[in-house]
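Novice: Sequence:
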Amino acid sequence: MTTPRPGLRERKKQATREALREAALRLAVERGPDQVRVEDIAEAAGVSPRTYNNYFASREQAIVSAVTADREARIAAAVAARPAEVRLADAVTEAVVEQYTNAGEREQRALLLITTQSALRDAFLDTTADIEPPLTAVIAERLDGAEAHTAHVLAASVAAAVRIALEGWLRPAQNAETAGSRTAGGLVVPSGSLPDQLRAALAPLAVAFDAAEQHTQAPQPRD
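Just so we're aligned: 210 in the numbering used here is position 210 of the sequence shown, and the numbers increase by one with no gaps anywhere.
In case anyone wonders, no lab produced these hints; they're calculated from the structure.
Warning: the hint list may mix true and false statements.
[Claimed, not checked] Have a look at the derived ranges for each label pair, beta carbon to beta carbon:
#: 1; residue 1: Ala160; residue 2: Ala80; range: 41 to 47 angstroms
#: 2; residue 1: Asp70; residue 2: His215; range: 27 to 33 angstroms
#: 3; residue 1: Gln14; residue 2: Ala119; range: 24 to 30 angstroms
#: 4; residue 1: Glu43; residue 2: Ser193; range: 17 to 23 angstroms
#: 5; residue 1: Pro83; residue 2: Ala44; range: 28 to 34 angstroms
#: 6; residue 1: Glu43; residue 2: Ala148; range: 42 to 48 angstroms
#: 7; residue 1: Glu30; residue 2: Arg9; range: 38 to 44 angstroms
Computed from a prediction, not measured in an experiment: that's the story for all the values here.
All C-beta atoms, glycine included, are put in the ideal place defined by N, C-alpha and C.
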């Protein structure tokens, strides 16, 4: 099935959002996040502060968006792309791990800032809630015939598990000022392997995913 191309209005909105993300990250890297104002980001992106506020509620949101942009949609798309014979729990886990650990140069620059600034860490953790809506839709499609709230509960549980994993991974950064956390080139070294943290947090959900799949595959009683 071919995905329809976004209309001109939507493409302009996407371009504006991307320009704001890039400007926010560039200025934060150059000056430090605390020295960047919303007005500075808007000016660098060629829009008004009022337009900026239509896209982001804070400078932290814009900076974090440079690493989290469209991640929730990519996770859902990765799950949908897995063959039907792949266990749903495995499909979701692999999609989450892949999208949270494959970082390019821009994402690495953003993570460098995120791990050393408490406001950015909070904004980064808040983005895990965005996983829920698109993942609910793809789980519901995979569990054809299941009750609607089942997919919703499973997707919400995934979002919560991801947040817990990230909180554990970033914990040394949260204590950097008082605990003398390990550093590497100025970057606070998070705790352990992020893929391992994600897999461990998602593992308890496998039973629920398996039960939902078994219920869907079981023969339905006739009237």
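Novice: All hints are to be evaluated individually against the structure, with a verdict given for each.
Specialist: Now the hints, each set against the structure:
1. Ala160 <-> Ala80: 41 to 47 angstroms: violated (21 angstroms)
2. Asp70 <-> His215: 27 to 33 angstroms: Holds - the Cβ-Cβ distance for aspartate 70 and histidine 215, about 32 angstroms, lies within 27 to 33 angstroms.
3. Gln14 <-> Ala119: 24 to 30 angstroms: holds (26 angstroms)
4. Glu43 <-> Ser193: 17 to 23 angstroms: Violated - the Cβ-Cβ distance for glutamate 43 and serine 193, about 40 angstroms, lies outside 17 to 23 angstroms.
5. Pro83 <-> Ala44: 28 to 34 angstroms: For proline 83 and alanine 44 the Cβ distance comes to about 44 angstroms; the hint is violated.
6. Glu43 <-> Ala148: 42 to 48 angstroms: holds (45 angstroms)
7. Glu30 <-> Arg9: 38 to 44 angstroms: At 32 angstroms between Cβs, range violated.
Checked against the numbered hints given earlier, the structure breaks hints 1, 4, 5 and 7 and satisfies all the rest.
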